[in-house]
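Those protein sequences? They're chains A and D, same order as listed. In terms of my numbering, the first sequence is residues 1 to 451. In terms of my numbering, the second sequence is residues 452 to 628.
Treat the hints loosely; a few may be bogus.
What the hints assert, rightly or not - Label-pair restraints from in silico Cβ distances: (1) D:G504 with A:A309: 43 to 49 Å; (2) A:A139 with D:G504: 32 to 38 Å; (3) A:A302 with D:L551: 49 to 55 Å; (4) A:A302 with D:E577: 52 to 58 Å; (5) D:N483 with A:S310: 22 to 28 Å; (6) A:V276 with D:D555: 48 to 54 Å; (7) A:A313 with D:S509: 39 to 45 Å; (8) A:G273 with D:D555: 42 to 48 Å; (9) A:V420 with D:D555: 35 to 41 Å.
Rather than coming from a laboratory, the hints here were simulated on the basis of the structure. The beta-carbon is built from N, C-alpha and C at its ideal position, and this holds for glycine as well.
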Amino acid sequence: MIGASLSRWTMSYFAAALLALVAAEVLMAVGYGFPRAALGAPETLILVHVVAIGWLSLLMCGALFQFLPVLLARPLYSDTLPLPALLSLVAGLVTLILGFLQLAGRADPKFPFFALGGLLLGLGFALVLWNLARTLVAAQAVPLPARFVTIGLVSVAATAAFGIIFALVLGGVTAYEPFVALTGAGLPLHIIAGIGGWLTFTAMGVSYRLLAMFMLAPELDRPSTKATLYLGAAALAIAILGGTMTILLRGDLSIVLLGAGGAGLLGLALYGGDVVHLYRARKRPHIELNSRMAAFAFASLAAAIVMIASLLAIGNLADQVGAVVFLVAFGWLSGLGLAQLYKIVAFLTWLECYGPVLGKAQTPRVQDLVVEARANKWFQLYFLAVWAGTVALIASYSLIFQLTAAAMLIATSGIIAQFVRTRRLADVKAAIRLPQGVQVPRLLHSLSHQT
Amino acid sequence: MQTTFVDLDVRPILRAGGEPFQQIMETVAALNPGQGLRLFATFKPAPLFAVLGSKGFSYEATELEGGDWEVLFQPTHAASGTESPSSISIADSSNWPDPLQELDNRALDPPEPMVRILAATEAMKEGEVLSALLCREPIFLLPELAKRGHAWRGGFEPDGKTYKILVRVGAAKKAAA
């Protein structure tokens, strides 16, 4: 088959991811983990991994199963593998959390949770990578956005490898000297590979195409876009490969990270220029909610970069790393994710339901599946809460941070309710809602109607 | 730069019991220098390998899910610097009739171009041809056209920005007749 069709399990990934986001916001609202606990405390590690694996990674995997085929104009290698991968990732995350509870003395100390969790997560990510890599290899040409995704996939492999090494050492499975050294000093590399390489770099690549598509802007293939790719790839290579070598040779990691940070910040600045160009060059005067809200996510990324640069300048990054990571995770990555989900859920649901009868019966438009005015207030509340939460973290007001987390929880619940309404076609006018041959879609997965 | 490919899906013709050989050869004859052909068939078209091999094409056959085959025919002496975007010289590539309708969907919000093309094909008679200009490859439209039994040819115009697609309504039934 040529072209792309609906990815069957993408909605299941989105549902599991949103559940993890809600869980993380509940934990933050009740004061579990940072800032009440230390950054390295088991409680904080649980929170971080619920966000990084449960929410952001599942969201990204689900999106890539649908979106990589669109980028490459080729079908996904397997539409079956995503399900066992999802089950393995979820089981691995739960086991990893039990491992952290063990670290905190709250779970049976004898059971090898870390080893088993590392194994399950490794298996899950390997299945995802295998599927996406086979899809990439089969493609004739790999357009620029897909090259960002390729680097992102290499980064998630590196992130998982670091994580598995940490889990094996912390779980007492191995005392192999290089692994112990990496566990001792490699945490920054795990974070950079995960948040920088896997989540941010992949999101950047995908955003190039999504923004061009939804705003009718020209596809970017200009020198700055290529430079962004090369600078980002160089920054990640310096940090991940150079950093690993430095740790193993017992050198000074901070110099390596500074070099990687310089290349990375330059790449992000060029990316910022590209994004502004896309918004300006758009042919569509009135853009939809997803593109308007994505602008808040880009603003959050820009603010985070300014924060990192200023904190580095005054030598204070270590004290505020929690606030920076929070802004990157919730303002930039989650903000962009929620904003684009709003459009993606509507579009995929529309295509699943009405694609087969287009032209044969009167059908609603994609925008008839959503009510932007209703979603708008929840998105605004979400971003305001995230920004207020960042300020509360900088100022170390934990109680105010909990209140902002509660506001994020309310806003997210409001947004999720809109997704469910879209999926159930609840806002479509009755007269055109169900033409002959159209069924209300399943909430949690898509029925493929290939003949 | 890699070789650019012109797509040809002969599965509707084969399923309807038709013989796509002539159409394949016409498409090959219309390829620009350096261009390859991406062929979709319901079986591994082994006889073609020798025929196109003699015309200077190497092949790479892949079985798709569902038992269909995708074969890439690449010119063996492809110039390494084929910078031109994929395009088809539509005028001389076929014996299709002139387009009955021409749609310019370049300024429409997605997925409106797809909606209009499908709506237009539903109102057309068998064998009639529709032409449409788009601002990107219509990824989600193509499977839908195949499902409805329409044949299509498409590619980017030399400007690299406009994608032109020709859709021939009910080509599967036509080929059987």
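The hints, checked one at a time:
The supplied range of 43 to 49 Å is broken by G504 of chain D and A309 of chain A, whose beta-carbon atoms lie about 59 Å from each other. Distance hint check for A139 of chain A and G504 of chain D: the Cβ-Cβ separation is about 24 Å, which falls outside the suggested range of 32 to 38 Å. Between A302 of chain A and L551 of chain D the Cβ separation comes to about 51 Å, which falls inside the hinted range of 49 to 55 Å. Our hint of 52 to 58 Å for A302 of chain A and E577 of chain D holds, since their Cβ atoms are close to 56 Å apart.
Separated by about 54 Å at the C-beta atoms, N483 of chain D and S310 of chain A break the suggested range of 22 to 28 Å. Separated by about 29 Å at the C-beta atoms, V276 of chain A and D555 of chain D break the suggested range of 48 to 54 Å. Between A313 of chain A and S509 of chain D the beta carbon distance is about 57 Å. The supplied range of 39 to 45 Å is therefore violated. Checked against the hint of 42 to 48 Å, the pair G273 of chain A and D555 of chain D fails, with Cβ atoms roughly 32 Å apart.
Separated by about 38 Å at the C-beta atoms, V420 of chain A and D555 of chain D satisfy the suggested range of 35 to 41 Å.
Against the hints set out earlier in the document, violations occur for numbers 1, 2, 5, 6, 7, 8.
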